[in-house]
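Going down the list, the sequences are from chains L and Z. Numbered per my numbering, the first sequence spans residues 4 to 931. Numbered per my numbering, the second sequence spans residues 4 to 931.
These are computed hints drawn from the structure, not numbers from a lab. Do not rely on the hints blindly, as some may be mistaken.
Claimed, not checked - Here are the in silico distance ranges between beta carbons for each label pair: (1) G194/L x A928/Z: 19 to 25 Å; (2) I699/Z x K872/L: 54 to 60 Å; (3) L653/L x T488/Z: 40 to 46 Å.
What the hints assert, rightly or not - With a straight-line cut-off of 27 Å between C-alpha atoms, the simulated BS3-like cross-links for lysine-lysine are: (4) K64/L x K126/L; (5) K852/Z x K774/Z; (6) K64/Z x K872/L; (7) K547/Z x K64/L; (8) K774/Z x K852/L; (9) K774/Z x K774/L; (10) K685/Z x K685/L.
By construction, the Cβ of each residue, glycine as well, lies at the ideal position given by its N, Cα and C atoms.
Number of protein chains: 2
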Amino acid sequence: MSASETEHRMIHLFGGQDSRPHGGKSVLGEKGWRLASMSALGAPVPPGLILPAHYTGEAAKNGGRLPDSVRRALREALSQLEEITGRRFGDESRPLRLSVRSSPPRPVPFSIGTVLNLGVTEKIAQSMEQATKQVTEQATVNDTVNDTGGGAKDSAKDSAKDSAKDSTVGWDAYRRLIEGYGVQVLGLNGGGFEAVWNETMASEGVEGAHELGLEALRSLALGYREVVVAEGETPWPEDPMEQLYETVAAAYGAWNAEEAQNWRIDHGLEHLPGTGLVLQTMAGGTGQGHGVSKHGGSKHGDSKNSGAGRLITRVPATGEKKPHGNFLSHALGPDLSAGIRITGHITEMEQAAPEAYAELLEWGNRLEGHFQDAMDIQFTVENGTLAILSARPSQRTAKASLKIALALVEEEICDTRQGLIRVDPAVIDESMHPILDKAEAGQPIAKGLPASPGSAVGHAIFFAEQAVELAAQGVRTILIRNETTPEDIDGLKVAEGIITAHGGLTSHAAVVARGMGKCCIVGVGAISIDYLVNEMTVGDHQIKRMDWISMDGASGEIFAAELPQIQPTLEGGIATVLGWADAVRRLGVYANADTAEDARHALEQGAGGIGLCRTEHMFFEIDRIPLFRKMILALDQIGRAAALAELLPLQRKDFMDIFRVMEDRPVTIRLLDPPLNEYLPKGIRSQTRMARAMGIPVETIQRRTEALSETNPMMGHRGCRLAITYPEIYNMQVRAIVEAACIVKKEGVQVNPEIMVPLISTSKELSLIRKDIERLVTQVTGELGETIAFRIGTMLETPRAALSARSIARLADFFSFGTNDLTQMSYGFSRDDAGMFLPVYLEKGILDKDPFMEFDQEGTGRLVEMAVKEGREANPDLKLGVCGEHGGDPRSVKFFHQVGLDYVSCSPFRVPVARLAAGQAAVEAQAD
Amino acid sequence: MSASETEHRMIHLFGGQDSRPHGGKSVLGEKGWRLASMSALGAPVPPGLILPAHYTGEAAKNGGRLPDSVRRALREALSQLEEITGRRFGDESRPLRLSVRSSPPRPVPFSIGTVLNLGVTEKIAQSMEQATKQVTEQATVNDTVNDTGGGAKDSAKDSAKDSAKDSTVGWDAYRRLIEGYGVQVLGLNGGGFEAVWNETMASEGVEGAHELGLEALRSLALGYREVVVAEGETPWPEDPMEQLYETVAAAYGAWNAEEAQNWRIDHGLEHLPGTGLVLQTMAGGTGQGHGVSKHGGSKHGDSKNSGAGRLITRVPATGEKKPHGNFLSHALGPDLSAGIRITGHITEMEQAAPEAYAELLEWGNRLEGHFQDAMDIQFTVENGTLAILSARPSQRTAKASLKIALALVEEEICDTRQGLIRVDPAVIDESMHPILDKAEAGQPIAKGLPASPGSAVGHAIFFAEQAVELAAQGVRTILIRNETTPEDIDGLKVAEGIITAHGGLTSHAAVVARGMGKCCIVGVGAISIDYLVNEMTVGDHQIKRMDWISMDGASGEIFAAELPQIQPTLEGGIATVLGWADAVRRLGVYANADTAEDARHALEQGAGGIGLCRTEHMFFEIDRIPLFRKMILALDQIGRAAALAELLPLQRKDFMDIFRVMEDRPVTIRLLDPPLNEYLPKGIRSQTRMARAMGIPVETIQRRTEALSETNPMMGHRGCRLAITYPEIYNMQVRAIVEAACIVKKEGVQVNPEIMVPLISTSKELSLIRKDIERLVTQVTGELGETIAFRIGTMLETPRAALSARSIARLADFFSFGTNDLTQMSYGFSRDDAGMFLPVYLEKGILDKDPFMEFDQEGTGRLVEMAVKEGREANPDLKLGVCGEHGGDPRSVKFFHQVGLDYVSCSPFRVPVARLAAGQAAVEAQAD
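So here's chain L without its partners, still in its complex pose (with noise of 0.2 Å):
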């Protein structure tokens, strides 16, 4: 056994000689790990025992009990402690009361709450009585301020009564260790206590502990004890050894429960070893509690230096440098934290307990330049004497972590990449996007599924011509449908917003509304449309054309009213923030554009390319869908053919504009996704128009609508399958996109184009498909005098294709991970229709995030891990990138950091928070 491990297997005993902690977090636990390292700075830490994570295993070994090495190893470490603070565990004289907390190396559901008062036993509690009533004035403060958990129903007590109160402390105490030890290690639902607790009250006349009197409060501990006895399986164990050694066993059974184990299985943290346990001493000397009004007023006079608050070190909400937080002289922990009472703020200490203050500010200092971040500090005075109970990094919204972290590098507290990582990507969005105004907003006639952020506030309208008409006259405008088609494209792009009753996040609307970074929201199931008389019902509401309409595109609520809107103030120091990002991060950020002007706003976003050049959007534009169209009702091959001859020169220019943009950076051109059937008119009016206009009997028309219509087209006849049947279609685009490459090249622009093949499920279909690319590369720059480097790939987008990944490889020149499709397959869930169900997921829970918006990393994230790992093997030389919405999500980014891709693609409105976001995943991957 190495040093190292042996250290592991020990339990740390803290603020006593102060030592390095003995091992990480991992060994230790987040909460551990910091009142170790806070110790061994010599900050004035309450003394406590930490034991190690790999205990939990040994008790799951042991059936759940603990294994008598571990009571062993806890027995000698408690001597020590009590050696250290003069005290003894169930001792009626001097007794050590102990706090009882997880503390799991990780943030993970399924821990047990706090147990205080852990050496409080009936005959403490009866001696602690007569020791008060023999020493009434002794001003401490005390006891539990260290977090609530422990299920403390009322704490506060009547400073207004005389002091000899402080003798029913021990009973209070005791009270509350029945209650928490009932609930975290018996199992118990709380009930119990809560009918004697009532019980109690309604006979005393009373509303809280702190006006019950001496007998009625022992009665009330003595009460819940017998709750304890009836409900509980075994009797209440009165000796505190054995009590401590079961809360130990339960905070490792909650660690070891089925549900945990699956969850941990789940998030692949099956490594875990297991959760530390911090045993803290509570702080006070005897153990009474000083009572305070609930009505507020502290106590003065003798114990105005003594108090408890918590000291914020910097501004949560601006981020400021200046002391925050509050301070409740004569206080209990748990009423800064229950809100019981309005408390102080902290610099209010300064009068109350001046010198402490200047050491709690001067630890303030310390303790942000050890954690190198902004930090949220719980203490205690007592008679002018500073303790420090915890701290952890401080809460912050998003626009104060860019500040704070500007501000921590500039005072050099810690380096740009620690900075970096301190920064809340949602701060990019927020400085983006106008910022809806609610203080005065009421409540929203409905909510929707958010699909793309920001606000907007105009005039509902039903039909998208109208939007057109009345922008041309500066109104705004709300464009509300049941959803939209490409043929509202006008419309959408002059309304300041637009919502839809149904689809989902991935629905027509959605995406076109991402890409131009409009304010949108989708699948609002509460409305109704009646187009003809051009209004809207949505629950009591009725909303008339013209009404007025505010839509928050974060929070997905929609007000029939005109709201304010705060208008975004650019944070100066993003670019900066990015800059770091930039230096650091291994991940390419490569942006979805499918024209010119869209490859040129993400340059001025910072993209290094084009991930997904949609070709499919290019058939829609108003001079192409005819003959695409004409393309679709064609008999056969020369019909198809004749009809593409004449789409191949406006494709060509298309690309020749985005090659000019673009020049040497990479550009992927996904050849035709979706189904034809998208490309024809549903309603019987459009297809008369369409056939009108093509000069055929609407017939035709109908006919080749019912033809293509299918069952589930997102599983149809769609991507590379159209290929293989149609190969004619692919051919146009292909020779398109080399020519478009030749004649930029010729013009002395540099080119770096990547063709990429949608939906394939085998390697076969690329082999073929890839064939045919090659054949016209190789025909067409031959015909054009030219030598250009074509990659040619293929989007990983079914899990099959996932699971070929080594065949696929050796085909590809490089993978662009199709999440949405890849997200859809894997779980069965449609995105068009999930919107009947997936809300309902997230509320039970089911769900902790919708898997559209951020990457559902445990399972899907499985085939791409596993193809990344056999592709790469396969081909050493594969490129490997994400092109689905999960591009621009942070946290999604950071995984694809991890699997290894090479480059992110999103939209170009996402990709600063994408590079953003690759930075930090860069910094963070090293920090692991």
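Given the structure of chain L, go ahead and fit chain Z onto it with the hints provided.
Chain Z only, in chain L's frame:
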């Protein structure tokens, strides 16, 4: 290096000293192993060499060129062969001629074809010409009676010409060497040879090489050589040793080619070390061949007791034990297989060469005994001396395979385990259904997807109601629809066969027909039905109501005629063979059965339980659907619960009936799976009828139908997602199951219920639903005072569920793989829509097979393998089965055995074939 490893590295010489084969099929390949085995038995096999498979890899490592070590080994082995034969490779006076054939360890594509006559040079041809001019009357049968493959175009020579004609043989061999080498080794496409051939024939005014004189034949050979010089990248290698090296290298090159590697990767055969290679001496003294006329008639006289032929030991069509095959006295091997002339029956050999014939029959018996199978033996007779060129198990019809297997066991040639694996599973289908007699059928009018086997003949009708009416009058009908719906069920029951224009192999019609064992063809795109006038158009054919239709469910062909049907003769041997299978199989075979009637049928077929009882069909029954629709239309949980309460007794009775039939055998009941929308009528007429029946406005129904309609229903709101959103549905079903089980058990009947939750994609879904089920089981068994063990498990049918098997297995008593949906989601192929492209995929060879018929082992199968492995690791007691359509497909069943499932479940009609396949799988797994 161990002794056996050393052997694997040696070239195996056979036909000299007889020794047991070095290594098995993996080293020598199948052909090589069989030749070496026969030689070791003492069979008169022309001597030769077998290059071991691992040389293939050495060539690959050497950049495709033969390494010196291999060349050296080859030269040494060749000297030994020269010693045995008394001939020398490249020698003009006694030339050694070789054929080179790939001998892969198992059938794989991408092998090179045979190259014949290696060792013949221009000088040797010249010298053979001289030799035969000197020795004119020396009759030998020789040449290449191996197999074709060498691209030999016309090797027949005219026996009418005088024997001096034999002087041409050398040139003909040389020409054939050049052609074989050019195509197989140099990769020429053969077009150049064809041009020279055609030119020669035209200028000589003849139709085949046998009509050419010496000069013309010589110039034809030299003309071929010029083609190689002109088209090839290297000069013609006249050195025979060089030719040999290059041929061997080409055989390895074919194995090592990109595409071949991909194929092996995709088929899980990466571990194969390479291909063996057989270099066999070609029969014949000086190498002369005696021509035989294209128009029959063999040369008589001295050479009468020479010839070539093929003995098949049992008749391929019937399995009868008597000599089968053919014999051609004075023949060349290729004549036999090229079908150029009519050959004599094998029994004619008795006259021509009685001793050789007796010896041949004797070897037929010995080889049958050795290989434990009926054999197909190629041989030559030279002056009365028999030479066996090759032998392999004979091909046979399914029916013959049964007869042969029974006979082999009866004759004690093999045991029942070997007998079992000789049976073609197709014999079971054939023995269950009448076969269409297509002798005078003419062309089919259309072809669709064969959805359910057998045949059917009847009058065309287009409405289910008509089928019912006509059946009452004893009229046989074929029901033809665009697609069928649950409301057609009575018509489906009485029709002889079912044809649908739309839909795939798991459309409603297909599933129902298979369940009934009724002939069905779906997805007949050519059909256009006009319901109004009661007729259909198929290409040029107009089919009216009551016109005769015959359909072949095995091929998918449809005929506009009343064809005769051959009634199946129940093969008595099937029961015997199934007995063998049951004795050895490890897999349980269950049936998919939804009713007590189905269950009884399943038991008759030998099912060991019910693997899939679909509860949704129950709701389509005429007495249930109104109640179920009421539930769907209910506005809230209370309304739904009320409707469900009315359904409860009906469901309970369903289950009671099934439990009574199945007794203590497992009955796996799947909770509701399809989307609710399937239960609502779609057309306005049906909707109006329903509205009237329910006394509600039709708009209510339309609104609900619209609200429930989905873009991709297959991936929509169905399966356990319904239980998450409407828990009361499953709760009713579970209550019905538990009540039924308790009541039946009270009657004294043992029950063994398993409750199956469909379509989960996360462990949380199962966790939530399982809790509900367990609660109800406890509650209801308590109410009824019974104790019954319920297994609670899940269908594994989404890729993500398979990827989460570890955590799901901890919550499940069993997994049943739903391979239909798993296949759909893995490929992203909608079963309903795949008809648009799947036929093209099969036609172009992108898929070897329809993955909905035969399970995709290579891709989707990896998900099953992972889930089995990880599921068992997490829960060793996990019961594993499959209940997709693949449970009745023999090859798929073998895969399910290999991956370690416990059972397969299929429609009752397929139970026998599944039992057979399961038995074969068990035997084959042990043999591997």
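Hint-by-hint comparison with the structure:
1. Remark: the range hint 19 to 25 Å for G194/L to A928/Z is contradicted by a beta-carbon distance near 58 Å.
2. I699/Z and K872/L have their C-beta atoms about 58 Å apart, which keeps the hinted 54 to 60 Å range intact.
3. Restraint check, L653/L to T488/Z: a C-beta distance of roughly 44 Å satisfies the suggested window 40 to 46 Å.
4. Annotation: proposed proximity of K64/L to K126/L is violated, straight-line Cα distance about 36 Å (limit 27 Å).
5. For the given pair, K852/Z sits about 42 Å from K774/Z by alpha-carbon distance, which is inconsistent with the 27 Å threshold.
6. Restraint check for K64/Z and K872/L: satisfied, since their Cα atoms lie roughly 24 Å apart, inside the 27 Å limit.
7. Our distance criterion of 27 Å between C-alpha atoms is broken by K547/Z and K64/L, whose separation comes to about 77 Å.
8. Of the pairs offered as hints, the one joining K774/Z and K852/L holds, with about 23 Å between alpha carbons and a cut-off of 27 Å not exceeded.
9. Proximity of K774/Z to K774/L is assessed by CA-CA distance (about 54 Å); at most 27 Å being required, the pair is judged violated.
10. Proposed proximity of K685/Z and K685/L is supported: the alpha carbons are some 18 Å apart, at most 27 Å.
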